[in-house]
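**Student:** Working from the sequences, and respecting the hints, build out all of it.
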Amino acid sequence: MAARDVLESDLPNAVTLLKNLQEQVMAVTAQVQALTKKVQAGAFPTEKGLSFLEVKDQLLLMYLMDLSHLILDKASGGSLQGHAAVLRLIEIRTVLEKIRPLDQKLKYQIDKLVKTAVTGSLSENDPLRFKPHPANMMSKLSSEDEEEDEAEEGQSEVSGKKSVKGASKKYVPPRLVPVHYDETEAEREKKRLERAKKRALSSSVIRELKEQYSDAPEEIRDARHPHITRQSQEDQHRINYEESMMVRLSVSKREKGRRKRADIMSSQLHSLTHFSDISALTGGTPHLDEDQNPVKKRKKVSKKGRKKRGFRRRR
Amino acid sequence: MVIDVFHPKKATVTKTEIWRKLAKMFKTIPDVIFMFGLRTHFGGGKTTGFGMIYNSLDYAKKNEPKHKLARHGLYEKKKTLRKQLKERKNRMKKVGGITKAKVSAGKKKE
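These protein sequence lines are chains U and L, in that order. Take 1 as the starting number for the first sequence in this note's numbering and just add one per residue. Take 316 as the starting number for the second sequence in this note's numbering and just add one per residue.
Hints listed in this document are in silico derivations from the structure and should not be mistaken for laboratory results. There may be inaccurate statements among the hints.
[What the hints assert, rightly or not] Here are a few chain U residues that sit away from chain L, every Cβ distance over 12 Å (derived from the structure):
1) 82
2) 117
3) 178
4) 184
5) 197
6) 217
7) 221
8) 230
9) 243
10) 244
11) 245
12) 248
13) 263
14) 283
[Claimed, not checked] Here are the in silico distance ranges between beta carbons for each label pair:
15) U/279 x L/322: 45 to 53 Å
16) L/341 x U/239: 18 to 26 Å
17) L/356 x U/258: 43 to 51 Å
18) U/252 x L/414: 45 to 53 Å
19) L/326 x U/212: 41 to 49 Å
20) U/177 x L/357: 31 to 39 Å
21) L/414 x U/239: 49 to 57 Å
22) U/202 x L/334: 29 to 37 Å
23) L/322 x U/239: 15 to 23 Å
24) L/400 x U/168: 51 to 59 Å
25) U/172 x L/357: 45 to 53 Å
26) L/376 x U/248: 22 to 30 Å
[Claimed, not checked] With a cut-off of at most 25 Å between alpha-carbon atoms, the simulated BS3-like pairs for lysine-lysine come out as follows:
27) U/256 x L/361
28) L/361 x U/260
29) L/361 x L/381
30) L/376 x L/339
31) L/383 x L/336
32) L/415 x L/398
The structure displayed is predicted, hence computed values, not measured ones. Just so you know, even glycine gets a beta-carbon here, dropped at the ideal spot from N, CA and C.
**Tutor:** Shown next, in the form of structure tokens:
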């Protein structure tokens, strides 16, 4: 009984709704027909393409429509297998993802425009607001200095003169906050030990042990020697300089001697029988090969005979 | 530009040969190509050097240093000897004013 009452009360509503529906459908078809006529008449020219934001709008709307179509079908029990709307959705999704980088690039401009639209601070017909300001690129510091100079001299200068003055000023490097040098002997020892350990870890003995015990496959690489000597680094630096500056540098006798010595060391079968020092890892005392050169300590140069003997010594 | 020449199992390639090859590669006359600094690496097989190619000979004459132009025969150096110039200068030191210009460059003063 209650159901019948509900139905009866609902019936006139339904009738009016259906009538409305009919009218609306007629209105919509009329509009669509007018639109197609306009399009066919060429009232919407697209030779120059559509605006990017408009395209994005339309794509998103189409996406929503397709999605709702799918939901409708699924809700009424249909399957999504091979549904045409799925393909359309995929297409729209790929397009949206492809235009995302463009979106990123326009982000700044769009944000600015939205801000002006919201706050209404800048007038719309003032495109100069969005122009770059080269005056902002001038260093603020130099202008401060010049203001001080002005105050001192008590003269008024033309702004052009100001910039010229700023350009001819000597470059003063910025004085950063000085840090206290606190390295004690113990810390220096620790650092030295760290470096020795690192060097020992990358020595040939340890590397071969690693290869022996690791499960990784053996790699044969055409790599350069891991221990680049100072001489080879200097040589590389020299070559780079020569090639970039297109000049040939002269090699002093001392340089020649150094290079010769380094070549001899590397070309002999030195590396076959002499291994690098791994005492940093084993904890023993560092030993030096008899054949290797010990670290030379710089002798203190006496000032007396320096001028006279300077020429000789340089040889 | 930097020129790298690979010549395995051969002696160093001569400059003139590289010169003509460069002209062919870049389709210009060889007169506007200036090369210098060719050095062969240790062990042979590779030579590295520098080269400049100008758009016209006029530009080359303006921009290149004189000794490189002299290598191509486009410039002749004055042949006054260094010692002579120094002797003249020392003679000029003894005389003052406008007579400096009159000091002869020969061994007139005895």
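**Student:** If a hint holds in the structure, say so; if it doesn't, say that too.
**Tutor:** Do the hints match the structure? See the list:
1. 82: It holds; residue 82 of chain U is separated from chain L by about 61 Å at its closest Cβ, greater than 12 Å.
2. 117: Given a closest Cβ separation of 54 Å, the condition holds.
3. 178: holds (44 Å)
4. 184: holds (46 Å)
5. 197: holds (35 Å)
6. 217: holds (33 Å)
7. 221: holds (22 Å)
8. 230: holds (19 Å)
9. 243: violated (5 Å)
10. 244: Violated: least Cβ distance 9 Å, not greater than 12 Å.
11. 245: Given that some Cβ of chain L is not farther than 12 Å from that of residue 245 of chain U, nearest at about 10 Å, it is violated.
12. 248: violated (4 Å)
13. 263: Residue 263 of chain U not clear of chain L: closest Cβ-Cβ about 8 Å, inside 12 Å.
14. 283: holds (42 Å)
15. U/279 x L/322: 45 to 53 Å: holds (48 Å)
16. L/341 x U/239: 18 to 26 Å: Holds, since residue 341 of chain L and residue 239 of chain U (Cβ atoms, about 25 Å apart) stay within the stated range.
17. L/356 x U/258: 43 to 51 Å: violated (18 Å)
18. U/252 x L/414: 45 to 53 Å: holds (46 Å)
19. L/326 x U/212: 41 to 49 Å: holds (47 Å)
20. U/177 x L/357: 31 to 39 Å: violated (49 Å)
21. L/414 x U/239: 49 to 57 Å: holds (56 Å)
22. U/202 x L/334: 29 to 37 Å: violated (47 Å)
23. L/322 x U/239: 15 to 23 Å: Distance hint for residue 322 of chain L, residue 239 of chain U holds at roughly 19 Å.
24. L/400 x U/168: 51 to 59 Å: violated (39 Å)
25. U/172 x L/357: 45 to 53 Å: Taking Cβ atoms as reference, residue 172 of chain U and residue 357 of chain L lie about 46 Å apart, which means the hint holds.
26. L/376 x U/248: 22 to 30 Å: Cβ of residue 376 of chain L to Cβ of residue 248 of chain U: about 23 Å, so the range 22 to 30 Å holds.
27. U/256 x L/361: Satisfied, since the Cα-Cα distance of roughly 21 Å is no more than 25 Å.
28. L/361 x U/260: holds (20 Å)
29. L/361 x L/381: violated (29 Å)
30. L/376 x L/339: Roughly 22 Å between the alpha carbons, so the hint for residue 376 of chain L and residue 339 of chain L holds.
31. L/383 x L/336: With a Cα-Cα distance of about 19 Å, the restraint between residue 383 of chain L and residue 336 of chain L holds, given a limit of 25 Å.
32. L/415 x L/398: Holds, at roughly 18 Å.
Checked against the numbered hints above, the structure breaks hints 9, 10, 11, 12, 13, 17, 20, 22, 24, 29 and satisfies the rest.
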